[in-house]
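For the protein sequence lines, the chains are A and B, in the order given. Take my numbering: the last position of the first sequence gets the number 99, and nothing is skipped along the way. Take my numbering: the last position of the second sequence gets the number 498, and nothing is skipped along the way.
Hints are computed from structural coordinates only; laboratory data are not their basis. These numbers come from a predicted model, not from an experiment. Take every hint as true, because none was put in to throw you off.
Computed list of lysine-lysine pairs in DSS-like fashion (alpha-carbon distance at most 27 Å, straight line):
hint	chain 1	residue 1	chain 2	residue 2
1	B	K94	A	K82
2	A	K96	B	K346
3	A	K82	B	K340
4	A	K24	B	K94
5	A	K96	B	K340
6	B	K301	B	K277
7	B	K432	A	K24
8	B	K346	A	K24
9	B	K346	A	K82
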Amino acid sequence: MSLTPEDVNRIALLARLDLSGPEKQAMLDQLNGFFGIVERMSAVDTSGVEPLYTPLSAVQAVALRLRDDVVTETDQRELNQKSAPAVADGLFLVPKVVE
Amino acid sequence: MSAAWQDLGVAPLARALQQGQVSSVEVTQHLLTRLAAHSQLGAFLATDPELSLAQARAADARRAAGQAHVLTGVPIAHKDIFVTRALPSTAGSKMLAGYASPFDATVVARLGEGEGAGMVMLGKLNCDEFAMGSDNENSAFGPVRNPWDLQRVPGGSSGGSAAAVAARLVPAATGTDTGGSIRQPASFCGVTGIKPTYGVCSRYGMVAFASSLDQAGPMARSAEDCALLLSAMAGFDPRDATSAERPAPDYHAQMLAPREGAAAGKPLQGLRIGLPKEFFPQALAGDVERAVRAALAELEKLGATLVDVSLPRTELSIPVYYIIAPAEASSNLSRFDGVKFGHRAKDYGDLRSLYERTRAEGFGPEVKRRIMIGTYVLSHGYYDAYYLQAQKLRRMIADDFQACFRHCDLIAGPVAPTVAWKLGAQQDDPVKAYLADIFTLPASLAGLPGMSVPAGFGEAGLPVGLQLIGNYFDEGRLLHAAHALQQATDFHLRAPAA
Chain A
1 MSLTPEDVNR IALLARLDLS GPEKQAMLDQ LNGFFGIVER MSAVDTSGVE PLYTPLSAVQ
61 AVALRLRDDV VTETDQRELN QKSAPAVADG LFLVPKVVE
Chain B
1 MSAAWQDLGV APLARALQQG QVSSVEVTQH LLTRLAAHSQ LGAFLATDPE LSLAQARAAD
61 ARRAAGQAHV LTGVPIAHKD IFVTRALPST AGSKMLAGYA SPFDATVVAR LGEGEGAGMV
121 MLGKLNCDEF AMGSDNENSA FGPVRNPWDL QRVPGGSSGG SAAAVAARLV PAATGTDTGG
181 SIRQPASFCG VTGIKPTYGV CSRYGMVAFA SSLDQAGPMA RSAEDCALLL SAMAGFDPRD
241 ATSAERPAPD YHAQMLAPRE GAAAGKPLQG LRIGLPKEFF PQALAGDVER AVRAALAELE
301 KLGATLVDVS LPRTELSIPV YYIIAPAEAS SNLSRFDGVK FGHRAKDYGD LRSLYERTRA
361 EGFGPEVKRR IMIGTYVLSH GYYDAYYLQA QKLRRMIADD FQACFRHCDL IAGPVAPTVA
421 WKLGAQQDDP VKAYLADIFT LPASLAGLPG MSVPAGFGEA GLPVGLQLIG NYFDEGRLLH
481 AAHALQQATD FHLRAPAA
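Bound conformation, chain A alone (with noise of 0.2 Å):
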């Protein structure tokens, strides 16, 4: 399987990079020689085995803990807002995306 210049687009796309020409031919030919090595990995049977998404569940139960539904943070919004590109009346700003 080889990765053709449209899929760089497409993945590009989805990823939110703006990738210049020459970037794009750079990415194709890494990304082809990357999936050069993943190849080894396909060809592996692995029917019947779970995944193993965090890895402290190869030995143990690891349930997803909940926190109290309370209010625990304070209001620090300037804090937060301090290394924000654009704010105004404490608000981040974006280009206008409703007419």
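Fit chain B to the known structure of chain A by using the hints.
Frame of chain A; chain B shown alone:
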């Protein structure tokens, strides 16, 4: 003031502070002068001498008041993947240049002032962008140089941490390890580092790369230093959803506790060390193999027994890891959108072009590659063939380890197939760099604790690390074995020139 303070690791420095031989202010001032004189290494991304000295004064006052923790007043620097309120937090990325975190990472808080151990923060350390890399050449802020040979890489992604500790700029540093990022730079720079079991150290405030793999750990001069540091770093944190719900053990006490049946001169009597045959392939460099075998012979002299074991899917761990880690990264890094924090492109039209241009400008080539791989393997029609298949193989790799641990107590082998390579040597071929991670990836995928312990020197006098891997939550046994080795050898005490 003695010029030798830089040569003291964490444990001897803590003793000197405790005995009043030196103050934290004196040590801190000495190291600040020293790190400024070694800026050519590129290890530090941010320092604030006034802040460090204020923390040192507070540490001395805390000690005078009888409130000192064993680590109070000992300087440390943090990999710039940990967010800090007092210094900028960049994760080695242009995306976060100048980012001011509103909070401290849990690990930073536990080691620092106030409720923490009272260590003095000397600064933030360079690393590969978002911890993605094996040589620190993916940092947006320039490479780090290996103090043993300035034309060589320090390893990565915790390259600044390893170089700063090796060059005696700081006695201790934090690191993070997703696929080897503590162990491999520790090996390349001749320092001691431990990646604990997944879940031992909180990930809260660690800029996320691959959440099911990321784990923090200490990098320092010795196993004893690491035991002291890890004891302060570890422990349950409700703010990390995958934090292990168990109390932090006293790793230092575990390290010192004699083995049952151990005799004088044979502290490791009865310890079975498994050698996976896949960790000693043809492609392993001769100098690395010689140093590792010599360290294993030393462990035998100390009473350990070497047994042959097998990790048959060692090679497969490369594609498995490089599917899973990028998949998680592509999801984690979707937060960098030019809206809430970090870089925003200057020129854009609609919201989508704001996202696309911001991310194109803010991320470096390796990060983009991994986002592309991750996005692809999670996309419709490819998920089962790649992502799910990789997660199933990950289970098989974890099961392989459990099969080994029926025949041995620890697993040992090299950390990396070679010593540190030359700057720029792997920049043209990312896949070649991925292949060099072969010996660190299996333990990462399984979530097992692993260490790099200085084992000697190879080609051109460059350090070689011995990797030790333990079963889940068996850090005490790892540290005990590493400490025994370091009582019998002096590789961890050797320092690069100047």
